[in-house]
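Kindly produce the complete structure, drawing on both the sequences and the hints.
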Amino acid sequence: MKRFPPLLLLAGPGILFILVTLILPLAAIFMFSFWRTESYELYADWNLDNYRTLMREPAYLVFLLRSGLGALATSLICLIYAWPVAYFIARHGGRYRLLLVLLLAAPFFTGVILRIAALQGILGPGGLINMALGILGFQPIAALMYTQTAATIGHVYLFIPFMVTAIYLSLVNFNFDLLETAKVNGAGPLRAFIEVTWPLNWIGTAIGIVLVFIPCLASAVTPRFLGGPRATSFGMSLGQQFGETGTWALGSAMGVVLFLASLAVLALMGLTVNLKRSGFTGMGTR
Amino acid sequence: MTSVGDRAEAWRRRAMSLLLWLLYIFLYAPILYVIYASFSVDIVWPFPPSFTTDAYAELFDNALYADALANSLLIGLGSGAVSTLLATAGVIGVLRYPSRHRGLILIAFLAPLFVAELLIGISSLAFNARLLGLPGNLFSAIAANAVEGTAFAFLIILAQLVRYDWQMDDAAMVFGAAPVRCFWEVTLPTIWPSLLGAFLISFILAFNNLEISFYNLGAIPTLPSVAWGSLRFGLGPELFALAALTNGLVFVLFAVMYVLMRTGIVRFGYRGG
Numbered sequence: 052m053k054r055f056p057p058l059l060l061l062a063g064p065g066i067l068f069i070l071v072t073l074i075l076p077l078a079a080i081f082m083f084s085f086w087r088t089e090s091y092e093l094y095a096d097w098n099l100d101n102y103r104t105l106m107r108e109p110a111y112l113v114f115l116l117r118s119g120l121g122a123l124a125t126s127l128i129c130l131i132y133a134w135p136v137a138y139f140i141a142r143h144g145g146r147y148r149l150l151l152v153l154l155l156a157a158p159f160f161t162g163v164i165l166r167i168a169a170l171q172g173i174l175g176p177g178g179l180i181n182m183a184l185g186i187l188g189f190q191p192i193a194a195l196m197y198t199q200t201a202a203t204i205g206h207v208y209l210f211i212p213f214m215v216t217a218i219y220l221s222l223v224n225f226n227f228d229l230l231e232t233a234k235v236n237g238a239g240p241l242r243a244f245i246e247v248t249w250p251l252n253w254i255g256t257a258i259g260i261v262l263v264f265i266p267c268l269a270s271a272v273t274p275r276f277l278g279g280p281r282a283t284s285f286g287m288s289l290g291q292q293f294g295e296t297g298t299w300a301l302g303s304a305m306g307v308v309l310f311l312a313s314l315a316v317l318a319l320m321g322l323t324v325n326l327k328r329s330g331f332t333g334m335g336t337r
Numbered sequence: 002m003t004s005v006g007d008r009a010e011a012w013r014r015r016a017m018s019l020l021l022w023l024l025y026i027f028l029y030a031p032i033l034y035v036i037y038a039s040f041s042v043d044i045v046w047p048f049p050p051s052f053t054t055d056a057y058a059e060l061f062d063n064a065l066y067a068d069a070l071a072n073s074l075l076i077g078l079g080s081g082a083v084s085t086l087l088a089t090a091g092v093i094g095v096l097r098y099p100s101r102h103r104g105l106i107l108i109a110f111l112a113p114l115f116v117a118e119l120l121i122g123i124s125s126l127a128f129n130a131r132l133l134g135l136p137g138n139l140f141s142a143i144a145a146n147a148v149e150g151t152a153f154a155f156l157i158i159l160a161q162l163v164r165y166d167w168q169m170d171d172a173a174m175v176f177g178a179a180p181v182r183c184f185w186e187v188t189l190p191t192i193w194p195s196l197l198g199a200f201l202i203s204f205i206l207a208f209n210n211l212e213i214s215f216y217n218l219g220a221i222p223t224l225p226s227v228a229w230g231s232l233r234f235g236l237g238p239e240l241f242a243l244a245a246l247t248n249g250l251v252f253v254l255f256a257v258m259y260v261l262m263r264t265g266i267v268r269f270g271y272r273g274g
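Here the protein sequences line up with chains H and F, keeping their order. Residue 52 is where the first sequence starts when you use my numbering, and the numbers rise one by one after that. Residue 2 is where the second sequence starts when you use my numbering, and the numbers rise one by one after that.
Be aware that a few hints might be false.
Stated by the list, open to error - Simulated restraints, written as ranges between beta carbons of each label pair: (1) Glu89(H) - Ala71(F): 35 to 41 Å; (2) Asp68(F) - Pro64(H): 19 to 25 Å; (3) Leu67(H) - Pro136(F): 20 to 26 Å; (4) Leu67(H) - Ala220(F): 29 to 35 Å; (5) Leu184(H) - Arg14(F): 29 to 35 Å.
What the hints contain is simulated information worked out from the structure, not anything from laboratory work. The C-beta atom is built at its ideal place from N, Cα and C for all residues, glycine as well.
Listed below in structure tokens is the structure:
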């Protein structure tokens, strides 16, 4: 009997699982996006009407742009804030490193909806912040109540742990002795950071950016509860096609657009990664 | 010159730790708010404070919450177990048996990270309902949640195991240990913290998932879907009470972990001095 290759035995089940539960469903909505829905039923007459609708109705473009800009703002804020935090944990966390990182993940034990509701309770009218301002005799901050800003704060709140963790995981495997070498050779801290630390940890950082950008682009719950009436996002509209309105074919087309947009961002970030210059040594060289 | 550099270094370090603590405050303020509001008489206008434990009594009286909690736990445990198992096998395969398909295998395991939950939810709903003719059920919800869980578990385990020294396993094999025995007696005792971390993360993700579970379950309640439903008529204080209890448990676990780390009984993979 031919011996089964161990790699296939070990990695095969996982790959098969992802094929069946991720790739096939995505292929299914790609197919449905060329179908037609009529009174909640899908009919297989192949056409491009769904995509035509998406291009003709300006509302969908507005939703997509709004979600895209929101995701961009969130990613940038998370990026700038997460770097020093991740750096501190990786370099100075000592034996408590894992605990410090897990503390960032612990809020996930509370569901997204409850945390968003609590943020609403803190930011909203009659919430903690505006209440305190009122008692102190100041005007409430209108920007925090049901605006795009509030939605962005919500997104940063939800996704910044991903960014910190991605950068942290990269920094944990980074050899900090290189900074000593840079110092010995006359580089100041800023120059050592720009020329050594940043490029050598760019892969982790890029993964962090993608991990924040993509869920943010598809976000539906947060803008609904924090964003107010003029914050309808692409994700919200997409969810409605599969819920209230039951237009599955159009929803599938929106899903395809969302997937392609995510893929474009991923490809863009991928282009910035240069394996040779990022210190990638081919993982666990034996 | 050196002392100036050292002082600047110390200052940077303090500034970074300040940012870390501010982040913790930002992340935990809503959690503390949930706990505070769970004891409040009126959760919509909880200021000024007035306390009651009605929400907790209500929580234990209402069968809907018990149902939702059981379903969420099932999805969390099922998805966590599937994810950790598939990811562990995948990581060991990729690291131990170099192959020219390595890049492809990595891409396959990590691909779900780059697909939004909403998209996983609606696509598996569309696939199951329209192509397979399956109504929403717990198994499809577990499977759909495990897609994302597997990717996260894979990433976590990979990040830790990249530094694992496989020569220990080779040594065990040389002395005649079968691969399975070698895994149980050599590999597992060393790598278990990262497996536990991977399980916990995939458990939490599935336990609290709204968008994947919601589209896969139809009318079967989970905690997030009950919360989602009740938002329309104002959030039930019972959910705040349940979240407060969960957080209490998590904080106790972290306190235990801190004590273990402090005393050095369990090092959770930390090898430094």
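Results of checking the hints against the structure:
no. : hint                             : result
1   : Glu89(H) - Ala71(F): 35 to 41 Å  : holds, 38 Å
2   : Asp68(F) - Pro64(H): 19 to 25 Å  : violated, 32 Å
3   : Leu67(H) - Pro136(F): 20 to 26 Å : holds, 24 Å
4   : Leu67(H) - Ala220(F): 29 to 35 Å : holds, 30 Å
5   : Leu184(H) - Arg14(F): 29 to 35 Å : holds, 34 Å
Hint compliance for this structure: hint 2 is the single one not met.
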